[in-house]
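Protein chains: 2
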Amino acid sequence: MPANKKKKYTVTFEPSGLKVTVDEGTTLLKAANKVGIYISSICGGDGYCGKCKLVVDHGEFKTIQTGLLAPDEVSNGVVLACQTKIFSDIITTVPKSHDLQTGRILIDSNRTKASDAATIDPLVKKIYLELPKPSIHDHTADHERLYLAIHDHVETDTIQTGLRTIQKLSHVLKKSDYKVTVTVGHRGGTTELIDVEIGDNSKQNYAMAIDLGTTTVVAHLIDTVVGKTLDTEATYNSQINFGEDYIRRIIYGEENDAFDQLQARIANDVNELIVTLTERNRVDLSDITACVCSGNTAMTHFLLKLDPTGIRREPYVASADFVPPIRAAEAGIHINKRGLLYCLPSVAAYVGGDIVAGALATGIYQTDKLTLLVDIGTNGEVVLGNKDWLICASSSAGPAFEGSGVKNGMRAASGAIEKFRILDGGQIEYKTIGEASPIGICGSGLLDIIAQFVTHGIIDRTGRFADLSDPRISEGDQGIQFQIAPPMDGHDEIAITATDIANLMRSKAGVFASIRVLMASTQITSDDIEAVFLAGGFGNYMNTRHAIDIGMLPDVDADKIHFVGNTSMAGAKMVLLARNALETAESIASNMTYFDLMSHPGYMEEFIKAGFLPHTDLSLFPSVKFEKSKKT
Amino acid sequence: MPANKKKKYTVTFEPSGLKVTVDEGTTLLKAANKVGIYISSICGGDGYCGKCKLVVDHGEFKTIQTGLLAPDEVSNGVVLACQTKIFSDIITTVPKSHDLQTGRILIDSNRTKASDAATIDPLVKKIYLELPKPSIHDHTADHERLYLAIHDHVETDTIQTGLRTIQKLSHVLKKSDYKVTVTVGHRGGTTELIDVEIGDNSKQNYAMAIDLGTTTVVAHLIDTVVGKTLDTEATYNSQINFGEDYIRRIIYGEENDAFDQLQARIANDVNELIVTLTERNRVDLSDITACVCSGNTAMTHFLLKLDPTGIRREPYVASADFVPPIRAAEAGIHINKRGLLYCLPSVAAYVGGDIVAGALATGIYQTDKLTLLVDIGTNGEVVLGNKDWLICASSSAGPAFEGSGVKNGMRAASGAIEKFRILDGGQIEYKTIGEASPIGICGSGLLDIIAQFVTHGIIDRTGRFADLSDPRISEGDQGIQFQIAPPMDGHDEIAITATDIANLMRSKAGVFASIRVLMASTQITSDDIEAVFLAGGFGNYMNTRHAIDIGMLPDVDADKIHFVGNTSMAGAKMVLLARNALETAESIASNMTYFDLMSHPGYMEEFIKAGFLPHTDLSLFPSVKFEKSKKT
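These protein sequence lines are chains A and B, in that order.
With the numbering used here as the guide, the letters of the first sequence map in order to residues -12 to 619.
With the numbering used here as the guide, the letters of the second sequence map in order to residues -12 to 619.
Hints were generated in silico from the structure; no laboratory data involved.
Check each hint, because a few of them may be wrong.
No distinction is drawn between identical chains; accordingly, a pair holds when it is met within one copy or between any pair of copies.
Said to hold, decoys possible - Below, in silico cross-link-like pairs of lysine-lysine (DSS-like), each with a Cα-Cα straight-line distance of 30 Å or less:
id	residue 1	residue 2
1	K(-7)	K374
2	K17	K155
3	K418	K406
4	K324	K155
5	K155	K21
6	K21	K49
7	K394	K17
8	K49	K72
9	K166	K120
Input sequences plus hints: build the corresponding full structure.
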């Protein structure tokens, strides 16, 4: 018997009833990964985020003692999935807080105007051609015959063709009586002849625009003939089990030699979206001729299996900011076998193609107005400038507003407290997504809480609770906390801790310090800013008054602030439908100046100043008015 | 027992002793193919060329009755391998006439001047780069960092890179401390980054130049750093069992769905040459970064598995005249995994890359002198022109001068009569290759025989034997024949038949009619021609006086005629070593005007006129002097 032959056990996950067989000693988190059950986990399985809680109903296991679990949780069988190894068949219950089915993902892009553009010039197009037939007076070979005809329709110096296409060409031409549909795509400064089909199939040309988010992946199915979005679909990025932020995933990949696995996960997510969309809309996969992906630098690296390890180490350099178009099949993306995959170019390791897409979609690169673009997601990227110049930075403030590092933080899913205010009488009022019982607090809710707390004097400008005698303040398992909602409907109490507040303030300080560094470097004041674009999911639901109140955004007039939606997707779609938009994106990425805040001498000072509510320098926030501190 | 389950038998080929096991009913030709034994076969196994003779020593077989075998051959166990099916274990002897080991292949190219060119600019080059390292002040991604450095060394608008290369890039840069050797190649108007190696390997850059002949394949191993040919090797084209000319091979491929097999054969031949050369010269296969192939249109199609069937059918159109560079691996050629394969462009279905190479190598495209380039191989291609214009045609006269359709015809191998003359006393004198006993007659010998026969009155100007009472004339198994050599040393009699003479005259008439059509179309006379270049194997050994005497070449002064050797190889090498030579070749192929003789109204008349010795119009051949007919 081999020495390492291990016993096998079955793990059953309730309430889904999904079962998986694993070796003795496997952690519950790995078992969940294997069967495809989503378990919230921020630290990538290192045992310190305390998010991956499961209840073991039955079976033998070994786990660790941890301060991340309250005593009553331990007595109720709650364990950290990443730290619990199984030694018998196990039945375990997955708490509803991990459930993502009712999640709210921002899938639409409200600024894409491409659909009504009169000049659709997709990256990959189909052209129907009726070729003159060869004769004893015209011996032009089939390949050159086709090139001549293509040159009549496409402005290009160089046409390239893969061997497979030339190999089948004569057969297709003869069989079609020289009436064919060619698929041609822009590829690295040349035009590639991608496919030749019999007859007229030129009206069947579709493409996918993909917003490759760290947390969510959104896909739009586009009819590139009419330039219309036919349908949309979204899913959570299933890499999430390897870490909720991409730095964690890079570490996981490096330590476990798991970049193949990370690649397969994201490719699979994209493929599932494509299959859902094509089946629902009865589109043939072979008629999907292009796919444009917009993601941060790390996500692009994961998708293409480029080495991302330089991203997390000084001096923070990517393998590639610009990636040439490749066959989608090379990245395991299943569209037309020879269809092309384009990834929007990055500016730097921490300012990716999604931000370039944002600059493209918002038109910040061509406006006269001095504009600030803020995208607060897992990272907080900011772009400042206009048609003459663009500068950018990434706050790397951490994803506190996405719920990470916050006791009852969660993403914007059913049951998340998304709005919060303190009434005149001091009572609390909140609203959950889906009007469900509260199970946590999402970004916009957290923002509201901090803003309402400081304006109503519940916390002071340093973020500390002002009056510890408030009956809603107590000592919880993670220290001092303020009860937002009492236990109800079988759900636990929802509270915000002093540590949560500190984490959120660090996040907002990171974003604002980034903005300040960019403003300072160009000697711009808040008054000079003519427009603020808020991009991404969080931006779209945030109370901007509250964002200014806590000093996350500069104090500008409300009418200057615009929600611009999912600009990552909007930019991807623009590129898909207009070849010159890709060139514009490349030009934006090349010309945008990147500020590396980690090595910037002024950043730390700005960060410390922004660590107050709203800021040490109140003159920067003339519109912010705090109520006198009053007890409730 | 399955219905089609056949018995297996072993065929033993003597004298090599090679054995192969095949199904009952398999032909001996297929068995020989399977074990890799060369059996001369022109018709591709259709049973009418009569070349594939074998002697069955032992065993049961079924064969056909055929006039292609003499009665004594039949009684001695001689069969046509293609028409003989086996029904027991068989022992068979392969006659020495099939033996190719001592063949003489023209492997050198005496006009390639590239080796002493001061400006070597190979299609694929290696460059050693010491890159600036990334720092907190320089966040350029690895991919773009490398591009910037390459742009300092290579003049190009567009650099392309395959995904695999980008995927490994960061690792290689880190491991090499940013000191790397890049391999960059010209690919369809762009520059491709083919490979990145650790450290300085820039002095190890080799390439293969391949002359892809219908009959023979020649390879030169080139050191592209110094521009020197290190070694050469040649082999017979092993497709030859599917037909000695490429039309037969196309038919075979079409009828047997065997284009895969044809491709594998030629790729295997090339690979064997590469292995021989690299092992002998201790060159690593991965340091062979490029391969340039020069072949006729059909051979290029076979190698790349393009559909060649249009070549043999009116209106005679190729799949592709210009083939983009591909990875050699895509054609099954084993060099560096990402190394490039270039095929010289064709002009038309019957004027291929070998002729374009010839025009390039001879400089006909840039000379002031009105020049005629003649390449008599399996086909007879002719090019006429100078720096202002080039016109070309292919005689498709058939490979009679390669021994096909000639009773004792054979290729230039040991024992072939290569020189022949009639002495003043009327006696015959001949010389064989390798001074061996005569076993057949090769092209230059056949040319000598026709010329000497007509100048000495043995045949008249129509090619008919003038005096049937000559004791050397007899009725053989293929009709009237003239004995060149009596049976000796165990070899059969060598003779030339009336039919042979007619076939050879048709061949020469085809070549000359082609030349005449080109001359007539440009109103040029023999006196206007300032130079005649004779290319290819036959050209190099031919007695040019005899070629004029029989009316194959126009009657020009002897000092205008130049043997230019293997210009197909010379052109391939020029392209390999100078990027602009490839562009020149493409320009030549684009600009050369092709005359399709099969549809040309004047060709048939010229062909009939040229069907006399030397021609119906003797004024075209003022230098030709026939002796009075005299009996010997």
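So, going through the hints one by one against the coordinates:
{"no.": "1", "hint": "K(-7) / K374", "in the structure": "neither (63 Å within a copy, 79 Å between copies)"}
{"no.": "2", "hint": "K17 / K155", "in the structure": "between (46 Å within a copy, 28 Å between copies)"}
{"no.": "3", "hint": "K418 / K406", "in the structure": "within (5 Å within a copy, 105 Å between copies)"}
{"no.": "4", "hint": "K324 / K155", "in the structure": "both (14 Å within a copy, 24 Å between copies)"}
{"no.": "5", "hint": "K155 / K21", "in the structure": "between (42 Å within a copy, 28 Å between copies)"}
{"no.": "6", "hint": "K21 / K49", "in the structure": "within (20 Å within a copy, 64 Å between copies)"}
{"no.": "7", "hint": "K394 / K17", "in the structure": "within (23 Å within a copy, 78 Å between copies)"}
{"no.": "8", "hint": "K49 / K72", "in the structure": "within (5 Å within a copy, 75 Å between copies)"}
{"no.": "9", "hint": "K166 / K120", "in the structure": "within (10 Å within a copy, 54 Å between copies)"}
The structure shown violates just one earlier hint, number 1.
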